[in-house]
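Chains as they are written, first to last, in the numbering used here: chain A, 1 to 493; chain B, 1 to 489.
Hints listed in this document are in silico derivations from the structure and should not be mistaken for laboratory results.
Keep in mind that a hint or two might mislead.
Said to hold, decoys possible - Calculated pairs, DSS-like style, for lysine-lysine (alpha carbon to alpha carbon, straight line, at most 27 Å):
#, chain 1, residue 1, chain 2, residue 2
1, A, Lys436, A, Lys372
2, B, Lys161, B, Lys102
3, B, Lys374, A, Lys167
4, A, Lys372, A, Lys430
5, B, Lys105, B, Lys161
6, A, Lys167, B, Lys161
So the chains spell out like this:
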Amino acid sequence: MTDIPLLSLAIWVPIIGGLLVLATGSDRNAPLARMLALAVAVAGFVVTIPLYTGFDVGTSAMQFVELQSWVPRFNINYHLGVDGISVLFLLLNAFITIIVVVAGWQVIQNKVAQYMAAFLIMSGLMNGIFSALDAVLFYVFFEASLIPLYLIIGIWGGANRVYAAIKFFLYTLFGSLLMLIALLYLFMQSGGSFSILDWHQLPLPMEPQILIFLAFLVAFGVKVPMWPVHTWLPDAHVEAPTGGSVVLAAIALKLGAYGFLRFSLPIVPDAANELAPLVIALSLIAVVYIGFVALVQADMKKLVAYSSISHMGFVTLGFFMFNSLGVEGALVQMISHGFVSGAMFLCIGVLYDRLHSRQIADYGGVVHTMPKFAAFFMLFTMANSGLPATSGFVGEFMVVLGAVQYNFWIGFVAATTLILGAAYSLWMYKRVVFGKVANPHVAELEDINGREFAFLAVLAVCVLAMGLYPFPFTEVMHASVNELLRHVAVSKL
Amino acid sequence: MNFVVPDFYPAAAEIFVAVMALVVMLASTFARSIARNLAYLLTQATLIVAAFITIFTMEGEVVLTFSNLFISDLLGDVLKLMIYFSTAIALLYGRGYLADRKIDKPEYYLLALLMTLGMMVMVTANHMLPMYIGLEMMSLALYTMVAFDRDSARSTEAAMKYFVLGALASGLLLYGMSMVYGATGTLEFSGVAQALYNQTANQNVLMFGLVFLVAGICFKLGVVPFHMWVPDVYQGAPTAVTLVIATAPKLAAFAMAVRLLIWALFDIAEEWQMMLMLVAAASIVLGNLAAIAQQNIKRMLAYSGISHMGFMLLGLLSGVVEGDRHFALNAYSSAMFYAISYVIMSLASFGMLILLSRAGFEAENIDDFKGLNKRSSWYALMMLFVMFSMAGVPFFIGFFAKLSVLQAVVAAGYFWLAVLAVVMSVIGAFYYLRVVKVMYFDDPVDESPIHAAPEVRVMLSANGLAIAALGLAPQALMSLCAFALLRSL
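Please model the complete structure; the sequences and the hints are all you need to start from.
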């Protein structure tokens, strides 16, 4: 069992499969490309299942570790491993990949092989990010994953796609290159090691810690994205095809937050404590201010994009509470947001495929023509606003509790998101789904077909299951989160 | 005075190339009817055989001959191999292009061989005179090649500009050499180093000479403020010649920098490092900013080349920190790795331009890449590799080149320089992304299928894949650079 390099499989099955899909070539072979892509996505998911079933929840150590020398000249290793923090994201990622492949089945008719290949390759690269224990390996996957997303937004995106794609790429590149300098500095300080686990033990004086923390903050803050470097996200979401939005919201945003847990907190704990007020302030601005921004959006995708920023603000807030409720709540929120925001974008995609409009004003009365769809959309909207018994509630509630533990007023401000979230989500739902059928196009809408029903139903099950019984999720992360918090509490000065 | 017969063995490759240059010349005179093909094939054969000779005569240790004018060491051998290799590929890419424009005269290949010989002499010089002779031999051949399309006003103008500025730079270099001679009493690199070590050199004269030497080197590398010729020559020269200029001569210039600055003037490293620091920072800034404004892709690549050479200098200037030479080997090998990586990427980028050109059509604007993904998704993918590699995005060799250079800079403690380089890389990424954008996001203007000779297709694909493969496994090339420098120092 342990002899099988499961993490390598999780990374390379989608990438190699993606290259095979790419090799099917022109659109004449589109059906073959689709089938092959689905097979690869399912295979990619299957190889991640043993990661969960074989996971030992009792330890905070890295599991399924693979260690091989890659570039000995700089002591760069192909070092993989997962702990309770990262393992769930591999599963989520592989799962979302299947959904994305299915969701793009009919909609994408142009360059099908390239579309599917880009998603599969990106899925493999993201698995690499979540399992890398070598800083350069992490960085390589982190950067390389920009390429497929850049192409996805740029080739299959909307009218203003070029601007959005380039903005997305340059913003994230800027952040990550600053991080690269911090990584090189740590490499020097640690006497020539790129191992993240070694760096967790590395003592550092305060001043470099602050600088390293800021470099990481820029890199991961752009990716999360945190206010005020969030402006690339609404553009990217609006212009991206549905699949691109789903991956972006469900997985790509998690990379930044994951970076905080893997790099910022354990490597520079003193700076993290010192600068926690800054991050908390930025997070609260994201939660409240961006919540209001979401309220006034006329474009559905933009609205969900802003709501993502607001929810991710919750995640960074939870991390910097430095208590287990906050961190675990933030992790649960990340997983839940993966399901919910993915589902929201899929719902909008379903509408967009039929009417080619994302404007809220163009809809109204959808429930009369698409009742099944309206029911699913309802559930996901509720989850997005954090209704109890959906997954959205669990994480938010834990973070609010953690925040109250830390400081009552921070908890108070954070809790306003429950109102704001409900306001923008439900108000949008009301305007799109209820009311009279004002638009003749809406009257001609057809309800979701079997394929659409299938992926929405699967997501609905996930959202409800996680809302009703979150224990399987929190159980996995418990030991690792406690170890992390213990680590953060010890000064490295 | 008795005459000692020198040991010819270490110089076998140079002698062979010189003889073959004469053979090509004779062949092109006497076998006029088949001269074109014959000259090309002979040249390629010469480069291949020279590579074998270099490999077989490789000693692995430093050998001096011709009264210490000539040095044979691993550094020289590795660089010579890279020079044969990139010249051979450049000629292979350019052949069809020249034929389409009816300028594939046998003399072109003769010039290419003479240029190669000049570079070989530069790489193996252990004395300032052969260094200068090699440099002139290379440069004069290149000036002529730029003007090879003699009916084109633009090419002739570019050649003139190149020649005038190049001659000026050679003059500066020669002047600097004479100053160093005045200060140390010798032109031999080890002798200069010895004089510096014994502190017998006149410091004022030496510094004066150093400035001129650095200026000459910077001109040949094409870095700010001696970069003015680069965009004009790259744009004006026939693309096949631009390809030649942008590749192997950079390696020769790197060798010149290493021999002059490190072999001879290592003891005043902190002086020339200071100069290179300004030059490198200015090149990275100007190269990247100016490249954004370009519509002509040859000009864009010229400015990008300026910034890449600035990056390469970052490695050279991080060797000695406050007298500590601990990091020198690491820093210099990162610069060498960067130079070789750049040559590989540069070959592929100009090769793509040649691939898209055909009789009566010059692919030289960024817009000529429009919709390439729809015309040929394979070559679009290759160009994507090249562009992302040049931007320093991982899984491509360009990332490891940047990583190793930045690592040297950070090790030397120049954080501001690293941050500047990084910020400029982000700006630089914009123009590389724009090329990817027109290839993938725009619709083709020109629907004609791509036609190129099969060997060009195969080689260009191999070139593109090499960029990815070396990015996945950079270790071999990295250690080769480090090992070559270690064994030669």
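If any of the earlier hints don't hold here, list their numbers in rising order. Number 6 only.
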